[in-house]
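To convert, note that position 98 of the sequence shown is 100 in this note's numbering; the numbers rise steadily by one, no gaps.
It is possible that some hints are incorrect.
In silico lysine to any residue, SDA-like type, Cα no more than 25 Å apart, as pairs [unchecked claim]: (1) K168 - Y394; (2) K262 - D221; (3) K139 - N78; (4) K205 - L258.
The hints are simulated quantities; they were obtained by calculation from the structure and are not laboratory data.
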Amino acid sequence: MLHYKCLNKHEMSFISIEQYELTNKRILLREDFNVPIVNGKITDLTRIKAALPTIEYLIAKKAKIGIISHLGRPKNYSFDNNFSLGNICDALSKLLNLPVKLIPNDFNTPLSSEYISIFENIRFLKGETNNDEALAKKMAAACDIFIMDAFGCSHRAHASTNGIAKFVPIAIAGPLLKKEINSIKKFISTPKRPILAIIGGAKISSKLPLLTKLIKSVDKLIIGGGMANTCLKAMEMEIGKSLYESDTVTSAKTLLETNKEKILLPIDAVVSKNLNENHDVRTIALTEMQPDDIIGDIGTNTIKSYNEAIQNAGTIIWNGPVGIFEMETFENGTKEIALAIANSNGYSIAGGGDTISAINKFAVTQKISYISTGGGAFLALLQNKELPGVTYLATSAQSAT
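Could you build the full structure based on these sequences and the hints that come with them?
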């Protein structure tokens, strides 16, 4: 079951930022502002808003604030205006009603207490993702205190999450990071049965370790999105030209064969010959799939089956959509799942960028028991994995200075 006697690093009690003198201190604050941007506009502010209490506390203490974040996955470790944090600066400035400046990520620009600084996308630097020690030391030299508040990035051993904390005078956990870890830790220690997990997304390869472990703890598992297509292919069903991972079919087949009673998969689907055209959209049983059909969403009978599982669940874990919910034509499956979770009597915990976007799009935010800003980190904690982003943060076993 989802109960872990030892939570390793997550069992630590982190020292609160309230225990440190922050006035006039140079603070490097790692946040997760990896928000969805469409046509140059931010479409979901959830992650930025979640960081506001931390930032407002530092402002009240008159600290010199420099925020580090990444955005997307820029190629070649070079500047790309599509991944610039300029939009993030504008959004944060409006939310705080204070000046926010974008500064170079060379960490040579002095921080100021007169305005908030945001360093340009940290992933423009090659040393970030390979946890380069030289980059970590350069960041560490630019501050008096490092605050790790980016739960959504805490499962990555990057220079701005793990590396920097080894070289700064003081490395502490931010309020958002502490809240996330404590909330999820509390949940996995005392879940109410039956437990239902809904795991969606495009690629099953990246989530197979999770599914393999999670299936042992839950009573039912719904696999959605492109992941479900790979499973259907493993069952030798026709999926037409739908997205799937050919090199993961064998592993998916093993998972399905050993857990037949627990796993729920689509039984019908909304399909089209061209996902970008609306004139040929049909809802069909999977047995009616044609070789040139493409699955865009789950069908009405699948929705009914999934909703029944949701209503019977005491605990619901949700990570990932069950269809291409960004497109109105294929949003209904994810919408109905979101509404069913919102109206259920079970405890619901959801995480991940796409999941948050769906929750906001279908206006069920207030009816989800707990929403995590993290996707990968959320899933890592559910597997009881250690988070590299918290390894070197000060704990209650140490003294605040």
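Going through the hints against the structure:
Taking the CA atoms of K168 and Y394, the gap is about 6 Å. The hint holds against a cut of 25 Å. At roughly 12 Å between alpha-carbon atoms, K262 and D221 fall within 25 Å of each other, so this suggested pair holds. Proposed proximity of K139 and N78 is supported: the alpha carbons are some 22 Å apart, at most 25 Å. Note on K205 and L258: the hinted pairing holds, with a Cα-Cα distance of about 16 Å set against a maximum of 25 Å.
When each numbered hint is compared with the structure, no violation occurs for any of them.
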